[in-house]
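K.L.:
Residue numbers (the numbering used here), protein chains in the order written: chain A, 717 to 1524; chain B, 84 to 408.
Since the hints were derived computationally from the structure, they do not count as laboratory data. Be careful, since some hints might not be right.
Listed below are several chain A residues computed to face chain B (Cβ distance under 10 Å; list not exhaustive) [as the list claims (entries may be wrong)]:
| id | residue |
| --- | --- |
| 1 | S760 |
| 2 | A762 |
| 3 | P798 |
| 4 | T799 |
| 5 | T985 |
| 6 | E989 |
| 7 | M1385 |
| 8 | M1400 |
| 9 | L1401 |
| 10 | V1468 |
Partial pick of chain A residues on the chain B-facing surface, computed with a CB cut under 8 Å [what the hints assert, rightly or not]:
| id | residue |
| --- | --- |
| 11 | E827 |
| 12 | T987 |
| 13 | P1412 |
From the three backbone atoms N, C-alpha and C, an ideal C-beta is built for every residue, glycine too.
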Amino acid sequence: MSQDLSVVGRPGPRVEGIAKVTGQFTFVDDLAVPGMLTAKILRSTAAHARIRSLDTSRALTHPGVKAVITGKDLPTCYGIMPTGEDEHALAQEKARYVGDAVAAVAAVDEETADEALKLIGIEYEPLPIHMDVASALLGPGEPIHETRRAANVHKAVALEFGDVDAGFAAADYTREDLFFYEGSTHLPLEEHGALAVPEGPDRVTLHSSTQNPHYVHRAVAKVLGLPEGHVRLVAVPVGGGFGGKCDPFPHEIVACKLALITGRPVKITLTREEVFYAHRGRHPVLMWLRGGYRRDGSMTALHFKTMLDGGAHASYGPAAIYYTGALQTVTYRIPAYRFQGLRVFTNKPPCGPKRGHATPQPRFALEVHLDKVAHDLNMDPAKLRLQNLSRPFTMTVNHLRITSNGLRECLETVLRASNYAAKRGRLPYGRGVGLAVSSYMSGAGLPIYWNDMDHSQVFVKADRGGGVTVYTGATEIGQGAHTVHAAIVAEVLGLQTGDITLVTADTAAAPVDLGSYSSRVTFMSGNAALAAARRLRAMIAEASAERLEAAPEELEFREGRVYARSRPDHGLTFREACGLAEARHGNVLASGSYRPPQLGGPYKGSGVGPSPAYSFSAAVIELRVDSETGQIHVERVWLAHDIGKAINPVLARGQVEGSVYMGLGEALMEESAYRKQLLKAPSMLDYKSPTMMEMPDVETFLIESTDPEGPFGAKEVGQGPLLPIAPALANAVYDAVGVRVDEVPITPAKLVKALQSLAAGKGGRVGPERLPGFSYPEPTRVEPPPESYGHPAAADGTDGGVAAHAGQ
Amino acid sequence: MLRLPKFDYVAPPDLAGVLGVLSDRGEGARVIAGGTDLVPNLKRRQFEAAVLVSLHRVDSLRGVHGTHGSGLVIGALTPLDVIANHPHVQEHFRALSEAAGLVATPAIRTRATLAGNLLADTRCNYYDQTEPWRESLGWCMKAQGTICRVAPSSPRCLAVSSCDTAPALIALDARARLASPTGVREIALRELYRDDGIHYLDMARDEVLTEIALPPLGPTRSTYLKLRRRGSFDFPVLGVAARVSRAADGAVADARVVLTGIASRPVEIPEAAKLVGALPSDDAIAEVARAAEQRAKPLDNTDLTIVYRKRMARVYVARALRRCL
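Next up, chain A with everything else stripped away, as it sits in the complex (with noise of 0.2 Å):
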């Protein structure tokens, strides 16, 4: 099928490009209408309060000031999950974090806002702080939300899939280790925005930079009270999202009640300060784990142990908790397997799906570990991963489907071109190679709340001058979005994607789809254009057959013409079959939509982890340590990664070259690091992400092993690669200079320190010594399915038939 396509698979420009690169686009700051009012938002200094008292008079009769509101106007609350609605616009009776959201201005301009805050008159009554998960489990004091269980415990889990004991009686060898994850933010460069324009006293528009306008679009009007047909929501495309635009938003709500109040248009815009307190970022995870394995390396048996420390809000964390325990056993054949994972509030702005939502911290951990062990068992690193390797078409003990699965190629491929074998304890000392793999999910197989609608829906109109528009509620955050619904609307029509109009993520004009969070709009909305794109040319195929004398499945649509396969030189121009169409049918016009199939297993929980299709990496890091100052450079980057099939081969390469930087900033300088209650750097300047100079060469290997599922058989590539870079690169610190940091980032005064942790015959190790003291609740046990689903593909036990498609 592949050589017939003539633009899948092919690296065009993206279809908003030129725009970008010009200025002409339009980011949400952007936007400007008449009578338009700036909003600003009183935050919180205090980091654990009872808000004792509220004035805002003063203000209000600022001149130029046109309202004042504050938690009383916005009673009701909300959260991303129904399991975790703990949220309001603004505080209620107390704040819980510094930059928590108190009260909001409207005004006739920013500065004018701004000194309406400073007249508004607060008074805090201090309550215990805790910053960290051993404080928020010891404590003392009010917690910070109440809950049914102990003080500051927002979840506790506990699962078990097989027999995890019988496993260790069977294992030659376990080991146990404990890993630290720090954490860390976005970043993006579009700071968030929302513009929002009164229609009439009880409808409103909100324009947002948001990666969710549906769920958005529902949280709006639970809290403002207006049925969801009188908000329309419009995600304007996002300048950076990486997970950190996908809840809804004080500022979203604020902007929404301020123009219903004052009857004019409010935009607010964050301040970079005021985006590192909106967050939702990398969750701080503490990690402990035992691994059991035979001598020949296979693994009998695992245990997981995680504490998240989650911030001050539920936010995602019900799902990010389950996600630190549900795709290790993606990669690996892991026989039996128990987790137990924690999620504490803390006094801090709460955390989220920062790119990779929960699994790099756990990858990080278990990759290190099999390092360790293949150095203890004095086995090569690959090989001990090959011996573990999943395989395609099978089910996992905790009950994940894996279809395509082109692991097995992307680690041969990355330990080929860089040489790992030759070079893995054999370079010169300082120098050293690390490796790691990983998986990711093609969209969460499950909504985030439960429903058996579609996931997706897009619908396609042709109409008489030839012109074709997309209508999807899939949201464009500079992954390319647009561009592959153009090319895949494009292929399926004959045509090229600048032939393509897209309307997007507009509730009053395009339908659902669910939003640009789990890697899942290639998949599911990519998958819905396909099945419009195809009833569309089927219906312009009907019309035009009767013309050129052929069955309507005996048509061609290629290079904007339509022409029977019998007859090429004989056809119609793709305006003329349109015309026809729109003569027989009306509107020409058709719908398509995609749900994932039913999935996950018999438990409690088994909602996080199901995708309906898996990407697979792998990576090698060839590192340079300079040991008298601990200082780290990376020198290359080989990373392969199996997309199924790449729609867009320029914009994959993009998204692994992105990851590659998030995964490296992660591993070796970002952190959200805490200064007593108040984040330490919240600036450009003070939060340290690598610039250009930090930035190795890349090498990319797109693996395309065609999901059977997925559109033209592709699958994610826009959070996978960041997941094997951290262990990769502290693996390679230990074949540099054999010392282990078993927590990132990896700074150089923690590289000196373990450095001299070994000249000193201690060992050489830099890590957390212990979990917090916890009970975990008992694990329920779940059977494990059998291995095969019965998919023909994996009955001969091969691998499936994957085509490498390497170094582009």
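Dock chain B against chain A, hints included.
P.N.:
Okay, now just chain B, sitting in the frame of chain A:
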């Protein structure tokens, strides 16, 4: 976004005009050159200014003049980018070109000036924050408060001298020329700095730094090494300038080591003088490096950890001196 506070802005056509405004407007007047340090600080409300007096029309303050043999004179308003790429500076005053080329980012270096870097505000990550952040933590003595948040028992402010070019120029024996309504004075650049995070300059409010003079030094090699988390953007958390001048027989005739990022002023390492009179040796360099580590007393108010920064003083001084051989 963070808005600037309201202020008056004047740009006199010559130095006399600038000095006139400074003397007329008194305490509330501040000189602005490139503005890359001043403007963000104003946005964060770290201090106030009733009037900004711009130097940008005073063309006489720009340019690099002179030769290696006669010495160089550099106008205070010369952009760092020009200094970093000046062939004569690169060849004969290497520490300065390296230091200027390591400030901030390429874009900022086209705007930022030599004087702006030399006179940049001392830095402290308790102080370089927005007003609500500082209110939450409690005000510090450098702005609105009375105590030092880094070391509450300290009688003085411990904000850190963070300009890259100062140690380089001090190592090269630079002199500074200052103009005021009452006349002109010239001092050794090292005398411009005081070990106090608030009153870090020995300079009157109505004085303007106009030029930097570099004397001829004979056969000399110099260098500047900068410790920071990233290869761009960041201020130094440790900067080491070193200069070694040699006599005809190869013996060290003069040697300087100057550190930045570890105190409220640039810190000279007098033990560098021990290199003088002999051929340089590894042992002698190691001794200077150890002395530098002793003298480096970083505090927890910049990026990276104290223990690490102190230790790196030794490593960086040894490396800098070796590069000068």
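K.L.:
When the structure is checked against the list of hints, which entries are broken? Sort them ascending.
P.N.:
3, 4, 13
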